[in-house]
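Chemist: Put chain P on the given structure of chain G with help from the hints.
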Amino acid sequence: MYDIRGYYEAETVREATELLGANPKLKIIAGGTDVLVKMHGGQLEDAELLSIRKIQELRDIRKLENGTIAIGPMAAFTNVFNDQIMKKHVPILTEAAISMGGPQIRNIATIGGNVCNGATSADSASSLFALNAHLKLQNLQGERVIPIQEFYLGPGKVDLKPGEVLTDILIYPEDYQGFGGQYIKFAMREAMDIATLGVAVLCKLDSGNFSEIRIGLGVAGPTPLRCVEAEDFARGKKISPETIEEISKLAVKSAKARTSWRASKEYREHLVEELTQRALQTAIVRAGGVDLV
Amino acid sequence: MFKRISFTVNGKSYTLEVDVRMSLLELLRNQLGYTGAKQGCSVGECGACSVLIDGTPYDSCIYLAVWADGKAITTIEGVAAKNGELSKVQKAFIEEGAVQCGFCTPGLILTTTAMTESGKDYTREEVKRELSGHLCRCTGYQNILKAAEKSLEGHICTCVDSPHYKQQQEQLKGRQ
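Going down the list, the sequences are from chains G and P.
Per numbering that gives the first Met the number 0: the first sequence ends with 292, consecutive numbering throughout.
Per numbering that gives the first Met the number 0: the second sequence ends with 175, consecutive numbering throughout.
If you're looking for bench data, these hints aren't it; they were derived computationally from the structure.
All values reported here derive from a predicted model rather than from experimental measurement.
There's no promise every hint is true.
With a Cα cut of at most 35 Å, we get these calculated DSBU-like pairs of lysine-lysine [stated by the list, open to error]:
hint, chain 1, residue 1, chain 2, residue 2
1, G, Lys86, G, Lys26
2, G, Lys252, G, Lys135
3, P, Lys2, G, Lys86
4, P, Lys11, G, Lys53
5, P, Lys70, G, Lys26
6, P, Lys70, P, Lys90
7, G, Lys264, P, Lys172
8, G, Lys53, P, Lys2
9, G, Lys203, G, Lys237
10, G, Lys53, P, Lys119
11, G, Lys37, G, Lys160
12, P, Lys11, G, Lys86
13, P, Lys11, G, Lys26
14, G, Lys26, G, Lys255
15, P, Lys127, G, Lys87
16, G, Lys264, P, Lys127
17, P, Lys172, G, Lys236
18, P, Lys11, P, Lys70
Okay, chain G solo, but in the shape it has when bound (with noise of 0.2 Å):
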């Protein structure tokens, strides 16, 4: 028996939030793969959930009219991967989902869940801070939409305030239009592992030169983050070895790497610096540029 005390459930978001305003200790329930396993393990107890299973809007993913990709949080990492929007727009994002944990989990186990329980090693988020993601925030008081990084504060802490749903996980079409990506997972199984590292790149090319290129990494340090240092040398480089070299270089400059026991700080900087070349390489080829291996 899980510890338990109170469990409510939520139709619309409407409701999500009024219960919510009304009991500010309710703790969101989604797919219950985080919530569920950190009760079972006596990090949450005595809790009031509130469930919003059942609000249907939430689960959709949508291509807006002005081309803005709408993620609904409830859409499982299985729809996530499935879906046709997902495959053709942001393959990035899908790569992540299927990345993530086994089939019985990805069946339950929704992406807005990954992004609100704050983990670094989070397989959704490197992509998504590589795709410069949106979240669309609601309470009682109205919506406001805030840009991924500025979500995650801390290991394990999100920037969602009392009342708050997230009701949305946006990608703007100048954020995926035109660009070529991967997300590279390493971890020590195939399946059913945690990221010892995880890197996304994604790149735009413009004549044999970078146009724009974004690194999102997990596990690189207390939070999923981007190398803004590296991202700013390569603008209007041109593509050989060479810049590559350079560019995974810098990444590593902007990773806050450090010792767990699931890797060492001097492994997970080479990781970084080996991965980002590795993903680069087959950006550049998915982005429509030549292969440099």
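Modeler: Chain P in isolation, oriented as in the chain G frame:
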């Protein structure tokens, strides 16, 4: 705190008051007697507790019993025909020697059953991926994979000109 829910297990309907603290696994095993679903790790890692909910595999240990409201659940007890004849998947597991201690077997058979009923074609890599949420500490997985492929006969792509084969080769190339 209790909640009234209705659902079916292997075609049999139930309507009952369930404790909101209960997992679906606890409901199935302790209250309804479907002990074919096993309790292993209790945190969704081993897959021993897997059941099919509306045809899709889930870990029932991290699935609240109240969420089963309105769902059709299949456990290993519901896989064989009513007259006791084993299903194609069950027969394949026996023929390939894919069962040793048997603790992971109900989950693996259910996941394989879901694959056979999906009507989709799978590459060997995809079969492995679909089975990856089940830990087996005895067999070394080879015979399980053989049994799954036997169950999926006619739906495994290995021919050189299939799109699956090309996709597989590209993946292999990408890994080098």
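Chemist: All the hints need checking, so say for each whether the structure fits it.
Modeler: Here's how the hints hold up against the structure:
{"no.": "1", "hint": "Lys86(G) x Lys26(G)", "result": "32 Å, holds"}
{"no.": "2", "hint": "Lys252(G) x Lys135(G)", "result": "31 Å, holds"}
{"no.": "3", "hint": "Lys2(P) x Lys86(G)", "result": "39 Å, violated"}
{"no.": "4", "hint": "Lys11(P) x Lys53(G)", "result": "24 Å, holds"}
{"no.": "5", "hint": "Lys70(P) x Lys26(G)", "result": "24 Å, holds"}
{"no.": "6", "hint": "Lys70(P) x Lys90(P)", "result": "28 Å, holds"}
{"no.": "7", "hint": "Lys264(G) x Lys172(P)", "result": "30 Å, holds"}
{"no.": "8", "hint": "Lys53(G) x Lys2(P)", "result": "15 Å, holds"}
{"no.": "9", "hint": "Lys203(G) x Lys237(G)", "result": "12 Å, holds"}
{"no.": "10", "hint": "Lys53(G) x Lys119(P)", "result": "29 Å, holds"}
{"no.": "11", "hint": "Lys37(G) x Lys160(G)", "result": "21 Å, holds"}
{"no.": "12", "hint": "Lys11(P) x Lys86(G)", "result": "39 Å, violated"}
{"no.": "13", "hint": "Lys11(P) x Lys26(G)", "result": "34 Å, holds"}
{"no.": "14", "hint": "Lys26(G) x Lys255(G)", "result": "30 Å, holds"}
{"no.": "15", "hint": "Lys127(P) x Lys87(G)", "result": "25 Å, holds"}
{"no.": "16", "hint": "Lys264(G) x Lys127(P)", "result": "32 Å, holds"}
{"no.": "17", "hint": "Lys172(P) x Lys236(G)", "result": "27 Å, holds"}
{"no.": "18", "hint": "Lys11(P) x Lys70(P)", "result": "12 Å, holds"}
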